[in-house]
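All chains should be built: construct the whole structure from the sequences, respecting the hints.
Heads up: the sequence lines are chains A and B, in that order. Going by our numbering, the residue at position 116 of the first sequence is 1200; the numbering climbs one at a time, nothing skipped. Going by our numbering, the residue at position 142 of the second sequence is 1226; the numbering climbs one at a time, nothing skipped.
Rather than coming from a laboratory, the hints here were simulated on the basis of the structure. Mixed in with the good hints there might be a few duds.
A pair counts as met if it fits within one copy or between any two copies, since identical chains are not told apart.
[What the hints assert, rightly or not] List time: in silico DSS-like cross-link candidates among lysine-lysine, alpha-carbon distance up to 25 angstroms:
{"#": "1", "residue 1": "LYS1144", "residue 2": "LYS1187"}
{"#": "2", "residue 1": "LYS1144", "residue 2": "LYS1186"}
{"#": "3", "residue 1": "LYS1128", "residue 2": "LYS1187"}
2 protein chains.
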Amino acid sequence: MRDALVAAAFRLFLERGYEQTTVDDIVALAGVGRRSFFRYFPSKEDVVFPDHERCLTDMKAFLARSPEDADPVRRVCDAARLVLGMYAENPAFSVQRYHLTKKVPGLRAYELSVVWRYERALAEYLRGRLGGRPDGILRADVIAAAVVAAHNNALRSWLRSDGRDDAGAAVDHALAYAQSAFGDVPAAPRGESPEDVVVVAARRGTPLWQVLREIESAF
Amino acid sequence: MRDALVAAAFRLFLERGYEQTTVDDIVALAGVGRRSFFRYFPSKEDVVFPDHERCLTDMKAFLARSPEDADPVRRVCDAARLVLGMYAENPAFSVQRYHLTKKVPGLRAYELSVVWRYERALAEYLRGRLGGRPDGILRADVIAAAVVAAHNNALRSWLRSDGRDDAGAAVDHALAYAQSAFGDVPAAPRGESPEDVVVVAARRGTPLWQVLREIESAF
DNA sequence: TCCTTTCACTGCACTGAGTGCCATCGACCT
DNA sequence: AGGTCGATGGCACTCAGTGCAGTGAAAGGA
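Laid out in structure tokens, this is it:
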């Protein structure tokens, strides 16, 4: 019945738009009582995101069973990949939903609250790992936000491509950038080259970001 | 009349809670017609955040008049400080609102959509500045998210202190961390020292964060 | 087989947010 | 005075979401 409601809802949403579709329309098409709709979905918006609750639970479980010696930043990146996996499970559905949420402000707001809950899950885990270090809580919040932003950036560009691009590669690349900003590199290239040492020279007072640009290209 | 509505609304919200207060209650206390409420505030939630619209406009204007040669990361940090300024203008009101939004899920969701608009403003500015560079759009999104997260972390800890802590110092510290992660330092020391050039040498394959730690301390 | 319990589903009535429409009233202009 | 315009108020309506009670079918126990 859940699935029937989701199917009926999306048919109508795509036909005549989200706001132009009432809950009564949905239940009429699905052939169920109005009251049952609200048994399965606490609000009209929830029918658009039917599987995020499960995915959030999965993410929390994934973080909870992290080994003690795992790199926390890498761990939250892997957790973020779970969300991508959920989107990739059903590309056509995800792309439809993307176009829907892009147009309807109410759905965008709802999506934000969903994303926020993912971000909080990551931040809570990081707080536990970094809590002792100086500025641990600050670091945890900032890293979680950066990881989520990187993930969403890649996810959205994949959705804009109608699911044709390689989602995994895009997310890997985006998360690698986020990781690099916070003190880890995904795979330290250990070359055999004789030129094994990099030297950077800069005038004192040079804006640090200019120096860093050089460093990054050198590495 | 706007102010009268806000005052009446907050009196009732604090007395009996947000959800237990209807719009009819508010307009009855303020002595105005129900229709006028929705003339000034498009929704019941908007009355809780009466000045964010203006602040968002200010932020966009601030970013639009940025000098071409400004460091973009520092610029968005300064833009974020505008939001702190708005909160600090009226500490008592901000603290009350904080406790309200912490309890009411609907208000938290609304706040998220407000924060999201700030973040988009910062990201749009950064996209304009970094758009040409490789991964410019990704960088813009991630930096904006990190700056907002750092700002909010400091803002929230100030709100939790009931406005007693030094908000400016906390935000400066948090933003300095965010800046440091993305390649700028808050105040580049322009020394007179004869040792005006810094040389950093590192073996290829060294984790980037180790190199960065050396750079930061050297500068 | 019959009775009972349980549970998913339905219908109904109600609250409250938000909107469209029109009447009103006062300020300001000519 | 007469007219115009903008702000306001009142009214009726739609629709999301909730509480309550009723129904029926499946499960279980004597």
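Okay, the hints, checked on the actual structure:
Taking the shortest alpha-carbon separations for LYS1144 and LYS1187, only the inter-copy value of 23 angstroms comes in at or below 25 angstroms, while the best intra-copy value is 30 angstroms. Taking the shortest alpha-carbon separations for LYS1144 and LYS1186, only the inter-copy value of 22 angstroms comes in at or below 25 angstroms, while the best intra-copy value is 27 angstroms. In this assembly of identical chains, LYS1128 and LYS1187 lie within 25 angstroms of each other by CA distance both inside one copy and across copies; the values are 16 angstroms within and 22 angstroms between.
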